Amino acid sequence: MRLALPLTAAGAAAAVAAALLGTSATAATAVPAPTTKPATASVSTAALTERIAGALATDGTAGETTTEKSTLSSSTTGSTVSPKVVGGTDTAITTAPWMAQLWYYDDNGTTDDTSDDLGFFCGGTVVAPTKILTAAHCVKDENGKSYNWKAYGAVLTGTNQLPTTDSSGNTDLHGGTVSLPLRQWNHPSYSPTTINNDIAVLTLAAPVTATPIRMTTSGDTASYTGGTSAKIYGWGRTSSTSDDISDTLKSATLTIHTDTTCSGVYGSEYVKGHMICAGTQSGSDTGTKAACNGDSGGPLVVNNRIVGVVSWGVADCVAKGYYSVFSKVSTYVGAAYANVDDANLSYTDGKADLFVRASSDKEAYQKNSTGTSFGARQSVGSYSGVNLVLQTDLNRDGYQDLVARESSTGNVYWLHYVPASGSWSKTKIFSGWTTRTRIVTPGDLTGDYKPDLVSVDSAGKAWLYPGNGNGTFAARKQIGTGTGWNQYNTLRGKGDFNGDGKADLIARNKSTGAVYLYKGTGSASSPFSARVKVRTWSNTTYNAFDAIGDVDGDGKADFLARTPGGTLYLYKGTGKATSEIFATRISVGTGFQQYDIFG
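Take 77 as the starting number for the sequence shown in the numbering used here and just add one per residue.
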């Protein structure tokens with residue numbers, strides 16, 4: 077019988093063509109900052125703390141399933157907590173600064189009646205300043221209905237202690253920072269019945285200062301070799317004979333087992349490639365090292381990378397011959413990373429929005445994605461002084477930035493929203509780039525989770541500028557040794573097109589119309605593998621393109637193409653690095669011939 081492992085709460089855009097890049101504006105005005113602000117949400121610290129207090133006092137379980145595959149429930153009352161995860165030791169938050177507590181409380185509208193209250197606790201991991209990696213059963217119930225984390229959730233970071241409430245009803249967060257979960261994503265194929273594809277991402281309303289940890293890569297096999305040592309972290313149950321969880325963060329070293337071993341124990345309930353198992357269960361607390369209730373959503377770490385997310389196990393967590401089961405992060409890093417790198421102009425829904433500029437009067441507009449089209453345009457001001465605008469998030473704070481090039485000087489500026497002041501800041505990042513024929517902000521090309529930049533010079537050389545995560549860049553590196561990059565009249569990219577969690581580029585040959593995928597490698601020394609031809613689109617078929625990320629919110633990067641007649645088509649990403657890289661196109665609007673810059 078598989079048992080998910082939460083805890084009861086009581087238990088705790090480039091220019092459209094080469095010509096545009098070299099076109100001067102009619103007036104050499106300064107690069108403007110947008111006149112709009114992200115549509116953020118705000119809930120007071122006191123209100124979020126009340127959610128935690130409610131969750132502390134409520135007995136419920138995340139992702140409850142049927143009796144045959146029920147999740148575990150536990151309580152903190154009436155027993156002393158022992159210092160282990162099962163088999164773990166006390167761990168300071170400085171050792172695991174990326175650990176997060178996920179608290180959920182819904183009184184179902186009956187404040188005077190607690191019998192129908194729902195509250196629970198899960199673990200999570202900070203993988204970017206606004207992103208928490210956790211388990212899907214922490215965001216969806218047994219019927220597949222999503223919990224509303226924005227309305228009822230709170231995320232606590234920066235402390236190794238669970239909150240406590242005194243006799244007067246005051247809740248102590250023990251120095252932690254409480255944050256609002258603004259939106260949530262779970263793997264679209266998550267099954268509450270089988271607890272398969274059990275991975276999710278919460279997006280916070282504001283960045284936290286907790287140091288993030290990275291997920292492992294899609295090509296990682298070494299971390300999953302049988303016998304590999306891994307560390308688990310969490311506040312879960314500490315004994316098979318007590319429902320108490322730990323009031324202090326614990327960690328333990330677990331041994332990863334082979335798929336053959338795991339399948340031998342769990343049979344068809346263990347899905348090879350989607351799950352891993354680890355730990356030792358002796359039949360009693362002594363000799364057991366395992367995840368237990370309350371550890372759900374927390375990380376399994378190898379070589380300072382997350383390789384697993386706590387998913388499910390057996391009742392009381394110590395049954396001899398069984399092991400803790402985790403979601404295999406290398407399988408899901410592509411889908412999860414798309415939601416880590418999903419900054420969008422509206423900031424509300426995880427769908428990539430579109431920046432465009434009218435060619436007639438140089439007014440710029442924001443058009444928010446609905447998933448299948450773009451909504452009414454919103455003016456963001458006059459952009460007459462620029463000939464390039466790109467959408468990115470150079471400081472990875474979750475708010476989308478713009479990179480704009482001034483027409484008269486070629487200077488390139490970084491425009492980014494500062495939540496503390498509620499205003500936009502402008503910083504010059506490059507000077508005199510008038511002859512750069514292409515500039516692209518594809519995301520992270522070097523594997524450090526910091527967005528990078530690519531430019532092509534007049535000689536046809538492509539250069540990688542590794543981002544430092546703060547709007548500055550390390551020394552540039554030439555991409556390859558060739559000078560043929562000016563054969564392309566389109567070079568676009570934002571996100572991962574082939575589903576491996578690494579940013580890619582799309583290029584179109586200006587003579588033949590051949591469209592190529594340059595798959596990212598995650599390595600600064602050689603950021604792309606050999607190109608793969610995926611389409612042929614002549615100049616008469618399409619004359620403008622954009623890559624702004626995941627337009628429809630399915631965790632895959634998409635592509636936009638405009639016909640000379642002004643129809644804009646959405647090519648949804650499939651995650652395949654072949655001619656099937658995109659699904660059948662769908663029209664997302666007409667009249668787009670009026671725009672000369674797409675962000």
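Worth double-checking, as some hints may not be accurate.
Here are the simulated lysine-lysine pairs, DSS-like style, with alpha carbons at most 25 Å apart [as the list claims (entries may be wrong)]:
no., residue 1, residue 2
1, K438, K526
2, K609, K652
3, K648, K609
4, K595, K609
5, K348, K652
6, K504, K526
7, K609, K113
8, K348, K307
9, K504, K553
10, K537, K586
11, K526, K595
12, K307, K226
13, K438, K537
14, K438, K502
15, K652, K586
16, K221, K307
17, K113, K438
18, K526, K586
19, K502, K526
20, K553, K526
21, K113, K537
22, K652, K113
23, K504, K586
24, K396, K438
25, K537, K526
26, K502, K537
27, K537, K504
28, K113, K221
29, K307, K396
30, K537, K553
31, K504, K595
Computed beta-carbon distance windows for the label pairs [said to hold, decoys possible]:
no., residue 1, residue 2, range
32, S534, T165, 30 to 38 Å
33, T336, K502, 37 to 45 Å
34, T336, D242, 32 to 40 Å
The hints are simulated quantities; they were obtained by calculation from the structure and are not laboratory data. As the structure is a computational prediction, the values presented were derived from the model and not from experiment. Note that CB positions come from ideal geometry on N, CA and C, so glycine has one too.
Verification of the hints:
no. : hint                      : result
1   : K438 <-> K526             : violated (31 Å)
2   : K609 <-> K652             : holds (12 Å)
3   : K648 <-> K609             : holds (17 Å)
4   : K595 <-> K609             : holds (11 Å)
5   : K348 <-> K652             : holds (21 Å)
6   : K504 <-> K526             : holds (19 Å)
7   : K609 <-> K113             : violated (39 Å)
8   : K348 <-> K307             : holds (21 Å)
9   : K504 <-> K553             : holds (20 Å)
10  : K537 <-> K586             : holds (16 Å)
11  : K526 <-> K595             : holds (18 Å)
12  : K307 <-> K226             : violated (30 Å)
13  : K438 <-> K537             : violated (31 Å)
14  : K438 <-> K502             : holds (20 Å)
15  : K652 <-> K586             : holds (24 Å)
16  : K221 <-> K307             : violated (32 Å)
17  : K113 <-> K438             : holds (20 Å)
18  : K526 <-> K586             : violated (31 Å)
19  : K502 <-> K526             : holds (19 Å)
20  : K553 <-> K526             : holds (16 Å)
21  : K113 <-> K537             : violated (37 Å)
22  : K652 <-> K113             : violated (35 Å)
23  : K504 <-> K586             : violated (31 Å)
24  : K396 <-> K438             : violated (70 Å)
25  : K537 <-> K526             : holds (23 Å)
26  : K502 <-> K537             : violated (28 Å)
27  : K537 <-> K504             : holds (23 Å)
28  : K113 <-> K221             : violated (31 Å)
29  : K307 <-> K396             : holds (21 Å)
30  : K537 <-> K553             : holds (10 Å)
31  : K504 <-> K595             : violated (30 Å)
32  : S534 <-> T165: 30 to 38 Å : violated (60 Å)
33  : T336 <-> K502: 37 to 45 Å : violated (57 Å)
34  : T336 <-> D242: 32 to 40 Å : violated (51 Å)
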